[in-house]
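Enquirer: Could you build the full structure based on these sequences and the hints that come with them?
Protein chains in written order, with our numbering: chain B, 1 to 329; chain L, 1 to 141.
Don't take each hint at face value.
[Said to hold, decoys possible] To give an idea of the chain B side of the interface with chain L (calculated C-beta under 10 Å), a few residues:
hint, residue
1, A136
2, L138
3, I210
[As the list claims (entries may be wrong)] Here's a subset of chain B near chain L, in silico, CB distances under 7 Å, partners left out:
hint, residue
4, G194
5, V196
6, W206
7, I208
8, A209
9, A211
10, H232
11, T238
12, G240
13, V243
14, Q247
15, T273
16, L313
17, D315
18, I319
Derived from the structure by calculation, the hints contain no laboratory data. Note that the structure is a prediction, hence the values are computed from the model and not measured. Note that the Cβ used here is the ideal one computed from N, Cα and C, for glycine as well.
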Amino acid sequence: MTLAQDSITRAGTVAGHPQALPASGRSRASGERDLVFAAMGGRVHLHVTCPGSRVGAVDRDLRMVAGRIGAWAGRLTRFSPDSDLSALNRDPSRPVTVVRPTLYAVMERSLEVAELTEGIVDVGLLEARLAAETGAELPAEGAPWGLDRRRRGGLVHRDGPVRFDLDGVGKGWIADRALALLSAYPAALVDADGDVAVRTGAERPWTIAIADPRRDGVDIATLDLAGGRPPHRLGVATSGTSVHRWQHVDGSRHHLIDPRTGRPAVTDVVQATVVAGTALAAESLAKSIVISGSWDGLELAERAGARAAVLLLEDGEVIATPQSLDWLA
Amino acid sequence: MAGQVTPDPAALSPEVRAPRAHKRPDPRPSRLMVGAGALAALSVIGAVLGRMPVTAGQGSATPVMADTASGAASADAAGTSRVQRPVRYVRLKPGQKAPPGAKVIREKAPTPRVVVHWVTPVTQTVPRTPVARTVQSGAPR
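Expert: Shown next as structure tokens:
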């Protein structure tokens, strides 16, 4: 396998093609192939069942999908100055900006996600996110913005200064899109650095562990996305405050901004994992639970149709919704 | 020491500091007047509040949410799809009015929440090796 080894930008985000990781553990079982590579600042894992397929053809498909993921990530990252997102952010006060189809599609989905999460997930909060990281004074509320679809891509309207951070929205969108590209396979899994899109096959269950952020290599629980039913699509994602957290003179700050306050969320949830219909929905709802706190967050997730939710609380307690019992291994 | 003030012993004497005993007026009439005044003020406030217009969501103990920017899509004159950003939701306190033009959504009544608690990691009984691990963004794998 020869994959282009392009330069890795800040935070490991791959600009352009993905970088293959050594010892990817491909072909774990008979009739299955997988590919692991670096992208989106982390590790991406593609895995398909392919009974009776030619191995060479399957590997070609996996490499093609890896290439598409690298290209999408290259357009949507804020860590590369050449990305479409960086071009949009370059002039935050520009009233109208033309954006290309990939970025427009993700921006459009971000509005749907904002509705799904009742306004909690907001991609227009980059300034507050950066201030949380650097310790700078937290900015005033971002200006409203909107979209106009055009034949290819569309327009982003801004009523004042606002910069965007697609973050988990971009990652979830990429995982779902990559899974759609693997629709020819009976079952498939796309693990986009922890946000997982999966299609279960009639015979292939997928087992997905939920990492414990307090202890390396230990899991809080394991989800069994069972086969045996008609193939269906699911998303599993985790969000939390324990990884991206910074200590400043005025106290500790994390990266999940509550749009109602413009500040890092005050929450009793350290980490939330959600199972939903797509990786994007799962990622957005997991983030919403953390930002809203366990009580309001679980109610919101229930209203939004989350299939399962597993939470690690500040006091060390692990709780889950009753529906989660159907999914716990 | 120059400038030091020496206390006047006479000023500290118990004779000077002791309160003088004298006859105090009967406080009951003035207390009655204050009480009657407070009752009158409360009745006036109650009457004014009762005349205020009732908006959606008032008249019940259930709080409401005001969506100050609708997320609905609309078509402009050029026929393009315009999507406005649904941004701010405000939880209205009982009696508080929504701003003009805001969509008011009645919040669901809170229901008892049932959750499953456990102490030991469930992974102890995992039958299969997980094929993937979901983690927070940027966490070590």
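Enquirer: Compare the structure with each hint and give your call.
Expert: Hint check results:
Because the beta carbon of A136 (chain B) sits about 21 Å from the nearest beta carbon in chain L, more than 10 Å, this interface hint is broken. Checking L138 (chain B) against chain L by beta carbon gives a least distance of about 17 Å; that is not within 10 Å, so the hint is violated. With its C-beta approaching chain L no nearer than about 6 Å, I210 (chain B) sits inside the 10 Å limit, and its interface hint holds. The beta carbon of G194 (chain B) comes within 4 Å of a beta carbon in chain L, closer than 7 Å, and the hint placing it at the interface holds.
Checking V196 (chain B) against chain L by beta carbon gives a least distance of about 5 Å; that is within 7 Å, so the hint holds. The restraint placing W206 (chain B) at the interface with chain L holds, with a minimum CB-CB distance near 6 Å, inside the 7 Å limit. Interface hint status for I208 (chain B): upheld, as the beta-carbon distance to the closest one in chain L is roughly 5 Å, under 7 Å. Interface hint at A209 (chain B): satisfied, since its Cβ lies 4 Å from the closest Cβ of chain L, which is below the 7 Å cut-off.
Look at A211 (chain B): its Cβ gets to within about 4 Å of chain L, closer than 7 Å, so that hint holds up. The interface hint given for H232 (chain B) is broken, as the beta carbon of that residue sits about 17 Å from the closest beta carbon of chain L, more than 7 Å. Given hint, T238 (chain B) at the interface with chain L, holds; its Cβ is 4 Å from that chain's nearest Cβ, closer than 7 Å. Interface restraint check for G240 (chain B): the shortest CB-CB distance to chain L comes to about 4 Å, inside 7 Å, so the restraint holds.
Among the interface hints, the one on V243 (chain B) holds; its C-beta lies about 5 Å from the nearest C-beta in chain L, closer than the 7 Å criterion. With a cut of 7 Å, the hint placing Q247 (chain B) at the interface with chain L is violated, because the nearest CB-to-CB distance is about 17 Å. Look at T273 (chain B): its Cβ gets to within about 6 Å of chain L, closer than 7 Å, so that hint holds up. For L313 (chain B), the suggested interface contact is broken, since its CB lies about 10 Å from the closest CB of chain L, more than 7 Å.
For the restraint placing D315 (chain B) at the interface with chain L, the shortest Cβ-Cβ distance is roughly 11 Å, beyond the 7 Å limit, so the hint is violated. With a cut of 7 Å, the hint placing I319 (chain B) at the interface with chain L holds, because the nearest CB-to-CB distance is about 4 Å.
Checked against the numbered hints given earlier, the structure breaks hints 1, 2, 10, 14, 16, 17 and satisfies all the rest.
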